[in-house]
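Participant: In case it helps, the numbering used here puts the sequence shown at residues 1 to 102.
There's no promise every hint is true.
[Claimed, not checked] DEER-style ranges, computed between Cβ atoms:
id, residue 1, residue 2, range
1, 32, 97, 16 to 22 Å
2, 1, 43, 24 to 30 Å
3, 91, 40, 29 to 35 Å
Bear in mind the hints are in silico, worked out from the structure with no lab data behind them. We put the CB at the ideal spot given by N, CA and C, even for glycine.
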Amino acid sequence: VLVTLSPWDHPVALTRIWCLFEILTAMTSDTPITVELPPNDVEAFDAALSDDFSNIRSSLCHIDSANAQATNPIDLQRIREQIKSTVGFTALNTLVKDRLRA
Numbered sequence: 001v002l003v004t005l006s007p008w009d010h011p012v013a014l015t016r017i018w019c020l021f022e023i024l025t026a027m028t029s030d031t032p033i034t035v036e037l038p039p040n041d042v043e044a045f046d047a048a049l050s051d052d053f054s055n056i057r058s059s060l061c062h063i064d065s066a067n068a069q070a071t072n073p074i075d076l077q078r079i080r081e082q083i084k085s086t087v088g089f090t091a092l093n094t095l096v097k098d099r100l101r102a
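Build out the structure end to end from the sequences listed, making use of the hints.
Facilitator: Below you can see the structure in the form of structure tokens.
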């Protein structure tokens, strides 16, 4: 699974329920997860590494799966039900944060 963090300081993928669910599925099935930045975000990210590390931590660790969105309302409902019936939103948030820190 490829997770693209764009823009790096407010990654859209971390606000989308499908993306978070795919990360969870990959983690529970031992599927490799690769996290990448698009080329146009690398320079800004590198600058933040040396100048504003706390912003990196807050940007990449703010996961709120309970409020993540989907284009299709039926998908949103079904994925939320699946998350609730398995790990729950809080645990999913923690799992994704921990994976991004690894």
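Participant: For every hint, state whether the structure bears it out.
Facilitator: Against the structure, the hints come out as follows:
One distance hint, 16 to 22 Å for the beta-carbon pair residue 32 and residue 97, holds here, with the actual separation near 18 Å. Roughly 25 Å separates the CB atoms of residue 1 and residue 43, a value that falls within the hinted 24 to 30 Å. For residue 91 and residue 40, the hinted distance range of 29 to 35 Å is satisfied, since their beta carbons lie about 33 Å from each other.
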